[in-house]
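Q: Whole structure, please, built from the sequences with the hints as guidance.
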Amino acid sequence: MASKSWSPTYLANQLWAKQPKANAELFALTYGALVAELVRDLETNDKIQAELDRMGHSMGIRSVEEFLAKASLEPQSQTAVTCSQFKDTSDVLKMALKMFLGITTEAGVQEDSHFSIQFAENPLSLFVELPPDRSDLEYSQLLCGYVRGMLEMLQFDVTVTMAQSVLRGDEVNEMRVDLNQVLQAGAGDDYQEE
Amino acid sequence: METSTSTGADSHVSEQIFEFLVTELTHYSRAHCAPASDSQRDEEEALAMASEMVQAKVERMGYSVGYRITERLALNKTWNVAPNQDTAVAVASQQLEAVKFLCKDVWLELFAKQIDKLQTNHRGVFVLKDLSLKWMLRFPVGAEDSRIMAQQLLSYPCGIIRGCLSNLGIPAVVSCDFLADGQSMAACSFNIKVK
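Protein chains in written order, with our numbering: chain A, 2 to 195; chain B, 99 to 293.
Treat the hints as calculated values from the structure; they're not laboratory data. No residue lacks a Cβ here, since even glycine has one placed at the ideal position from N, Cα and C. Hints should not be assumed to be uniformly reliable.
[What the hints assert, rightly or not] Derived contacts from chain A toward chain B, CB cut-off under 8 Å, selection only:
#1 Q20
#2 N24
#3 T31
#4 F101
A: Structure (structure tokens):
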């Protein structure tokens, strides 16, 4: 079969099937306990979201290593997926989100400098209802930081926002990824090879 | 083929992301409880205080998770406790049942394995031994820092144990210990003392 028939969705499901699994309820409750603790410590929504974003970012950075090790995206392998353009990364992102969070995503807008991904289930917001006085809190900010961290490791400097969120009453969750700039590869001027 | 969009008891996330989240949780607690630079106290004391505060914070989060997850896991559980017994015996057997539930069902969800060894004096003290706790496998042995960090991370399962027992009507104090100091950080014991 030609390599083009390996769709991202198929690859994503294959990667997911091989992953060791953890209980999603436990994950959701742990995240809930963490957010509750942040609410107690930091008070304002901005500070809470900044902290969640930072946590997601460092989780994303670590996930990329795992992803690249397992997803075998090398050009010579059957499963070649290349990111020659920024919007191609949405396919790879689809695979990574399935592999780690088990969520199935659909592509939304696809433009040169931004794209969006939609997903129905959000493992972070299981059991969650926002109280009226915190209705503005972006509960799933961790996910935004997570995607930002992953893409940063792939040299893309992006801004990620939740365009739609089921918790806020929208029909679907939608994450919008905007490209700011493509970072320079390499270690910079400080590093000189011997 | 699309997989089913299930939510509830049979839904999963990857093991790594859960581990990353718990790591971030401990990391945040550590950053938040930085040692106070109080000139009146000496530095060592401040460090020890901060470490205790981190443990308490992580434990508190574990407690709330343990309390809630027990609600879900015990939903379809039938308890094997014989009724109409002498009270002291009945209480002891109830406690044992609860701890067994913890060792099997709860641990299975947390670490995908059961506790390796359960010891009890039948008077409210239980020692649970896990000889290879997954989260601890990559901790370096012998470094002073790593012991402190491992202890902070272990506060999370400690809290879960306390929360779980508390939901089952058993107030307890939980502490943890390393069984093979100098060889591996992954062998640890959890000591439960019913109040």
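Q: None of the hints should be skipped; say for each whether it holds.
A: Against the structure, the hints:
1. Q20: With a closest approach of 4 Å, the Q20/A hint holds.
2. N24: Holds. Min distance 5 Å.
3. T31: holds, 5 Å
4. F101: holds, 5 Å
Checked against the numbered hints above, the structure breaks none of them.
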